[in-house]
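*Asks:* The primary structure of each chain is shown beneath.
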Amino acid sequence: QKEVEQDPGPLSVPEGAIVSLNCTYSNSAFQYFMWYRQYSRKGPELLMYTYSSGNKEDGRFTAQVDKSSKYISLFIRDSQPSDSATYLCARGGDARQLTFGSGTQLTVLP
Amino acid sequence: KAGVTQTPRYLIKTRGQQVTLSCSPISGHRSVSWYQQTPGQGLQFLFEYFSETQRNKGNFPGRFSGRQFSNSRSEMNVSTLELGDSALYLCASSLGGTGTNQPQHFGDGTRLSIL
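As they're listed, the protein sequences go chains A and B.
Counting in the numbering used here, the first sequence runs from 1025 upward without gaps.
Counting in the numbering used here, the second sequence runs from 412 upward without gaps.
Incorrect hints may appear among the rest.
[As the list claims (entries may be wrong)] One-sided and incomplete, this derived list gives chain B residues near chain A with beta-carbon spacing under 7 Å: (1) Asn467; (2) Phe471; (3) Asn512; (4) Asp519.
[Stated by the list, open to error] In silico PhoX-like pairs for lysine-lysine, Cα to Cα no more than 25 Å straight-line: (5) Lys1091/A x Lys1026/A; (6) Lys1026/A x Lys1094/A; (7) Lys1091/A x Lys1080/A; (8) Lys1026/A x Lys468/B; (9) Lys1066/A x Lys424/B; (10) Lys1080/A x Lys1094/A.
I should point out that these hints are in silico values taken from the structure, not numbers from a laboratory.
Ideal placement from N, C-alpha and C gives every residue a C-beta, glycine not left out.
Produce the complete structure using the sequences and hints provided.
*Replies:* Take a look at the structure:
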């Protein structure tokens, strides 16, 4: 079992839809969680960073962490074609080593 | 503020050669981490440096090595290249420091192709 499992996709939605991206993790030692967005031929771009259970909101993006069920989600409201990218969840611990999910490719259709 | 800069962006090598990749972190960031990204394995951690010292290492063979300079710039080296080393190599920087878990910011990577 991978330490971080991510819904593989691909996911295709119409413009304006609410997108839900999900990951689960298996190691309770994980302390903090991130969501990255990666466009083709670019490096991952940090979207959200959180270390506690609950919701964290930043504009159209909401990161949700449930440590009791080891579940993390990213919600995108009012999705735009420019949101089309691969989304990566990641967890980190004391070793400052990030473990990534396999990524979900999202396409937002105009 | 300039982001993480990686050079070169693209590199083509043949089996058996060695290669050195360079990374300049965000100004003020003292921790530099390296990752390998492939379609099959995704993003995998190679190693992390802080204050010129390797603090953590992933599960890669000894052919993969790195170093960090006093200005926090980092290089990674891969010797005796194999076809399976073809990948996007990503560098990430963070503020670092003992016991802190600062978010990591990535560069755009070096695309290494082995012929």
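*Asks:* Could you run down the list of hints and mark each one as holding or not?
*Replies:* Now the hints, each set against the structure:
1. Hint status for Asn467/B: holds, given a least beta-carbon distance of 5 Å to chain A, under 7 Å.
2. With 7 Å as the threshold, the beta carbon of Phe471/B stays out of range of chain A, its nearest partner Cβ sitting at about 12 Å, so the hint is violated.
3. Because the smallest distance between the Cβ of Asn512/B and any Cβ of chain A comes to about 5 Å, under 7 Å, the interface hint for this residue holds.
4. Taking 7 Å as the C-beta cut-off, the interface hint given for Asp519/B holds, the closest approach to chain A being about 4 Å.
5. Distance check on the hinted pair: Lys1091/A and Lys1026/A sit about 17 Å apart at the alpha-carbon level, within 25 Å; holds.
6. Restraint check: the Cα-Cα separation between Lys1026/A and Lys1094/A comes to about 13 Å, which is no more than 25 Å; the hinted pair holds.
7. Taking the CA atoms of Lys1091/A and Lys1080/A, the gap is about 14 Å. The hint holds against a cut of 25 Å.
8. For the proposed pair Lys1026/A and Lys468/B, the alpha carbon gap of about 19 Å is at most 25 Å, so the pair holds.
9. Distance restraint check for Lys1066/A and Lys424/B: the Cα-Cα separation of roughly 21 Å lies within the 25 Å cut-off, and the hinted pair is therefore satisfied.
10. Proposed proximity of Lys1080/A and Lys1094/A is supported: the alpha carbons are some 16 Å apart, at most 25 Å.
In summary, the structure is inconsistent with hint 2 from the numbered list given earlier, while agreeing with all the others.
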